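Residue numbers (my numbering), protein chains in the order written: chain E, 738 to 996; chain F, 12 to 322; chain L, 81 to 391.
Note that these hints are calculated values from the structure, not bench results.
Errors might be hidden in some of the hints.
Unchecked claim - Computed list of lysine-lysine pairs in DSS-like fashion (alpha-carbon distance at most 30 Å, straight line):
hint	chain 1	residue 1	chain 2	residue 2
1	L	Lys97	E	Lys838
2	F	Lys137	L	Lys99
3	L	Lys387	F	Lys131
4	L	Lys387	E	Lys862
5	E	Lys862	E	Lys883
6	L	Lys99	E	Lys844
7	E	Lys774	L	Lys97
8	L	Lys97	F	Lys131
9	F	Lys137	L	Lys97
10	L	Lys387	F	Lys137
11	L	Lys185	F	Lys131
12	E	Lys974	E	Lys883
13	L	Lys97	E	Lys844
Model, not experiment: these values are computed from the prediction.
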Amino acid sequence: MQTHDSPQLKAEARDFNFFYGQAQALKKINMPIYDKKVTALIGPSGCGKSTYLRSFNRMHDLYPGNRYEGEIRFYPDNTNLLSPEVDPIEVRMRVGMVFQKPNPFPKTIYENVAYGLRVRGENNKRVLDEKVENALRGAAIWEEVKDRLQDLAPNLSGGQQQRLCIARALATDPELLLFDEPTSALDPIATGAIEELVHELKKRVTILIVTHNMQQAARVSDYTAYMYLGEMVEFGKTDEIFIKPKDKRTEDYITGRMG
Amino acid sequence: MSAKSASDLHQVSDRLAHNALRNVNERLIELVLFAAAAVSVLTTVGIVYVLVSESIHFFQNVSIVDFLTDNQWTPLFDDAHYGIMVLISGTLVSSGVALAVAIPMGTIIAIYLSEFANPKVREVAKPVLELLGGIPTIVFGYFALLIVTPLLQKIFPELPGFSLLSAGLVMGIMIVPYIASLSEDAMRAVPMSMREGSYAMGATKLYTAIHVVVPAAVSGLAASYILGISRAVGETMILAVAAGMQPNLTWNPMEPAATITSYIVQVALGDLPHGSIGYQTIFAAGLTLLLITLVFNIIGQWLRRRYREAY
Amino acid sequence: MQPMTTEQIRALIARGKLKDTLFQAIGILCLGIGLLVIFLLVGDMLMRGMERLNIEFFTEFASRRASQSGILSAWVGTLLVMLVTAAAAVPLGVAAGIYLEEYAKRNWVTDIIEINITNLAAVPSIVYGLLALGIFVYTFGFGQSILSAGLTLALLILPIVIVATREAIRSIPAMIREGSMAVGATRWQTCRYHIIPYAMPGILTGVIIGLARAIGETAPIITIGALTFIAFLPPAPFAPTGMDGATAGMFDWVMSPFTVMPIQIFNWTSRPDPAFEVNAAAAGFVLMGMVLSMNAVAIWLRYRMRKNIKW
Numbered sequence: 738m739q740t741h742d743s744p745q746l747k748a749e750a751r752d753f754n755f756f757y758g759q760a761q762a763l764k765k766i767n768m769p770i771y772d773k774k775v776t777a778l779i780g781p782s783g784c785g786k787s788t789y790l791r792s793f794n795r796m797h798d799l800y801p802g803n804r805y806e807g808e809i810r811f812y813p814d815n816t817n818l819l820s821p822e823v824d825p826i827e828v829r830m831r832v833g834m835v836f837q838k839p840n841p842f843p844k845t846i847y848e849n850v851a852y853g854l855r856v857r858g859e860n861n862k863r864v865l866d867e868k869v870e871n872a873l874r875g876a877a878i879w880e881e882v883k884d885r886l887q888d889l890a891p892n893l894s895g896g897q898q899q900r901l902c903i904a905r906a907l908a909t910d911p912e913l914l915l916f917d918e919p920t921s922a923l924d925p926i927a928t929g930a931i932e933e934l935v936h937e938l939k940k941r942v943t944i945l946i947v948t949h950n951m952q953q954a955a956r957v958s959d960y961t962a963y964m965y966l967g968e969m970v971e972f973g974k975t976d977e978i979f980i981k982p983k984d985k986r987t988e989d990y991i992t993g994r995m996g
Numbered sequence: 012m013s014a015k016s017a018s019d020l021h022q023v024s025d026r027l028a029h030n031a032l033r034n035v036n037e038r039l040i041e042l043v044l045f046a047a048a049a050v051s052v053l054t055t056v057g058i059v060y061v062l063v064s065e066s067i068h069f070f071q072n073v074s075i076v077d078f079l080t081d082n083q084w085t086p087l088f089d090d091a092h093y094g095i096m097v098l099i100s101g102t103l104v105s106s107g108v109a110l111a112v113a114i115p116m117g118t119i120i121a122i123y124l125s126e127f128a129n130p131k132v133r134e135v136a137k138p139v140l141e142l143l144g145g146i147p148t149i150v151f152g153y154f155a156l157l158i159v160t161p162l163l164q165k166i167f168p169e170l171p172g173f174s175l176l177s178a179g180l181v182m183g184i185m186i187v188p189y190i191a192s193l194s195e196d197a198m199r200a201v202p203m204s205m206r207e208g209s210y211a212m213g214a215t216k217l218y219t220a221i222h223v224v225v226p227a228a229v230s231g232l233a234a235s236y237i238l239g240i241s242r243a244v245g246e247t248m249i250l251a252v253a254a255g256m257q258p259n260l261t262w263n264p265m266e267p268a269a270t271i272t273s274y275i276v277q278v279a280l281g282d283l284p285h286g287s288i289g290y291q292t293i294f295a296a297g298l299t300l301l302l303i304t305l306v307f308n309i310i311g312q313w314l315r316r317r318y319r320e321a322y
Numbered sequence: 081m082q083p084m085t086t087e088q089i090r091a092l093i094a095r096g097k098l099k100d101t102l103f104q105a106i107g108i109l110c111l112g113i114g115l116l117v118i119f120l121l122v123g124d125m126l127m128r129g130m131e132r133l134n135i136e137f138f139t140e141f142a143s144r145r146a147s148q149s150g151i152l153s154a155w156v157g158t159l160l161v162m163l164v165t166a167a168a169a170v171p172l173g174v175a176a177g178i179y180l181e182e183y184a185k186r187n188w189v190t191d192i193i194e195i196n197i198t199n200l201a202a203v204p205s206i207v208y209g210l211l212a213l214g215i216f217v218y219t220f221g222f223g224q225s226i227l228s229a230g231l232t233l234a235l236l237i238l239p240i241v242i243v244a245t246r247e248a249i250r251s252i253p254a255m256i257r258e259g260s261m262a263v264g265a266t267r268w269q270t271c272r273y274h275i276i277p278y279a280m281p282g283i284l285t286g287v288i289i290g291l292a293r294a295i296g297e298t299a300p301i302i303t304i305g306a307l308t309f310i311a312f313l314p315p316a317p318f319a320p321t322g323m324d325g326a327t328a329g330m331f332d333w334v335m336s337p338f339t340v341m342p343i344q345i346f347n348w349t350s351r352p353d354p355a356f357e358v359n360a361a362a363a364g365f366v367l368m369g370m371v372l373s374m375n376a377v378a379i380w381l382r383y384r385m386r387k388n389i390k391w
């Protein structure tokens, strides 16, 4: 029975292994994701954090030869996201993603945000207008674009495009939002805006963020997981991980001795 | 490099002379190579010169207004008429039929190969398309006259032995490989990250193909369509063999008719004295054809430049 | 809007996947049509022309009697025309390609040359015929000969050879060029001893593809005035009867009237007498065989090239 101050579980990886063909990329990951909290994945290049992230929305299904073992439980309905009986499309309708390099569609700003809604069959103009505005506000970009919703999205600046992609993901009210190094292609000011946004967004949606920037993880997340060579080395509250890491490997990475 | 003796000086001057000779050699070779490259310009100049100069002779005898507005094309009769619209109608109708087949079929094949097909299917499909594109047009003409027309006549008994429909359909099949391969290239150039963005939103492959990939590749697709139009308008043998060579101002594909191209062939097969007005008509017709093709090519190149700017 | 229930989501996904499957079926169908056309065409030509496909077919001249009408003049003519075409197109095209890749600076002259090459690739082949008629046949006085035909086709496939040469050269790493220049070689020496040898397979592939295209070209050759009924061969070098009755010189054949395979096919296809359909089918089959084998050689070369690159 969970009490009020212990956080609820949104998802949980259980003995999760992942294989690119014959090569094992993730080894026995066990890790909780807490509801309406920001969890950060950190670790040196090649540690498997992006691979792990992309398993949450079954991105690996798009390419042949990949194999999941184990489970990722999703709550409140306790579905295994990785089950072959669960259609990847169904998973992707519940889990949203923001990519490393902003990838707006070659469409208007409005149509970009409305894209996910149209995919779900929503075509009522009033409903779309309302949800698009809602999402753009949620991504802190409404004021900048409200007068030019019919402009083409690729004409926006890099930082604006990324916020647009966040709005696009928000529009369909996902239960979990995945961020794959969302600021590595942006300048420092745009990065700051996105970090602030992530902080705001966790009131609405659970967030899992991969970052190669430790300071960003420290600034932005409630929980942090350190990964190394495909293993979950340590998981805990961000403050604890950064101030008093339990594992020496974590300590080495954080103090810059490695990675 | 300092000269310490007379023999050193000889060596230096030898080397300088040798270098000078090398330079002359090099410049000569460069000139020769340049001349080869310039042949392409000479070809264009030649084409324009030939077509324009003979057309000028032609238009000294026939007014441009008549040329453009007369509704008969009978240059070899005593009562000669020179209405180019008659030939243009044949060109347009046959090209229209061809593109009505080639654009949908080519685009569908391109989308299928780019977004759906697994590598094994592609390995079979690519050679099939290359093969189709390599068949000589005279063989396609044979196909149209002796295989397609009888087949069509089973469905449309009133179809004559020569028709724009039969020729147009086969022209369409001939053009499919061009449209399919250029469109597929355009679509494969769309970065995978854009597709991932769409799949991540829960879209299916077809939805992604239609709503994201095709819009992103639209300039390239349009360029391939323009190329198809160019090929259709300029095609000769399929029409010469299967559409009959009777000038006929019609918009009905179920009739035989001559096109600009098949008319030129017809005249060339006959015996027209060099310099006669009949002889000049083929250059006037050729000039018209060239202008039409040029317009489409310019549009196509502009589109291709736009498409390259997209990424 | 209410959030969708799981059933609604599952139904939506099922509909989407159905559309995916339907589209895949349509895609395969379209590819199947292409395959069907090839089979129909080749099968028909084989079956219809089977009875004429024997040695006599290749050694008999055309004749009024279909059963005795062979392709001797036609295939000899094709061979000779291809000889001239290759002799003209290869040096010109390779030289132009080398110039554009190794020597040309980025200025307006180069731009004009490149624009011309792109444009010429899209000019209808019959316009080349008109160019040849005006310039080669009359102005230069080459007449309606193998020389005119070969030169015309050379101009036609020049863009193909140039592009192939350029791409072959471009795929050579800068390292090779730099290495040669570093030991003091001139640009031409670098080209001659390094660039051309390495680029040769790619160039060869392009040349073969160009020739495969030229073999099937009919329209420009008709326009020059190739005769459609020929019952003789061009004079062999030093044969007792040349063009004027006296002993033939070494190159008399170049100025001789002639016919080629596609025109023979055209002639037979256009005859109302169904007996000639058999001949047309057989000749068409032979022509397809020629084109196919040339393309196959080009593909094989390309394949060997990809395996053998050892920079």
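(message) Would the hint linking Lys99 (chain L) and Lys844 (chain E) be met if the CA-CA limit is 30 Å?
(response) holds, 23 Å
(request) With a cut-off of 30 Å on the C-alpha distance, tell me whether Lys137 (chain F) and Lys99 (chain L) pass. (result) Distance of about 25 Å is within 30 Å: holds.
(request) Below or equal to 30 Å on CA atoms is what counts here, so check Lys97 (chain L) against Lys844 (chain E). (result) holds, 24 Å
(message) Holds or violated: Lys97 (chain L) and Lys131 (chain F), Cα atoms, limit 30 Å.
(response) It holds: about 22 Å lies between the C-alpha atoms, which stays within 30 Å.
(request) Below or equal to 30 Å on CA atoms is what counts here, so check Lys974 (chain E) against Lys883 (chain E). (result) This hinted pair is violated, its Cα atoms lying about 38 Å apart.
(request) Starting from Lys137 (chain F), check that the Cα of Lys97 (chain L) is at most 30 Å away, please. (result) holds, 26 Å
(message) Given the hinted pair Lys97 (chain L) and Lys838 (chain E), is their Cα-Cα distance within 30 Å?
(response) It holds: about 29 Å lies between the C-alpha atoms, which stays within 30 Å.
(message) Just to be careful, I want the Cα atoms of Lys387 (chain L) and Lys131 (chain F) compared with a cutoff of 30 Å; is the pair within it?
(response) holds, 20 Å
(message) Check the hint pairing Lys387 (chain L) with Lys862 (chain E) against an upper bound of 30 Å on the C-alpha distance.
(response) violated, 57 Å
(request) Would you mind confirming whether the straight-line C-alpha gap from Lys774 (chain E) to Lys97 (chain L) stays at or under 30 Å? (result) Violated, because 34 Å separates the two Cα atoms, which is more than 30 Å.
(request) Would you mind confirming whether the straight-line C-alpha gap from Lys185 (chain L) to Lys131 (chain F) stays at or under 30 Å? (result) violated, 44 Å
(request) Mind checking the alpha carbons of Lys862 (chain E) and Lys883 (chain E) for me, to see if they're no more than 30 Å apart? (result) holds, 16 Å
Checked against the numbered hints above, the structure violates hints 4, 7, 11 and 12; every other hint is satisfied.
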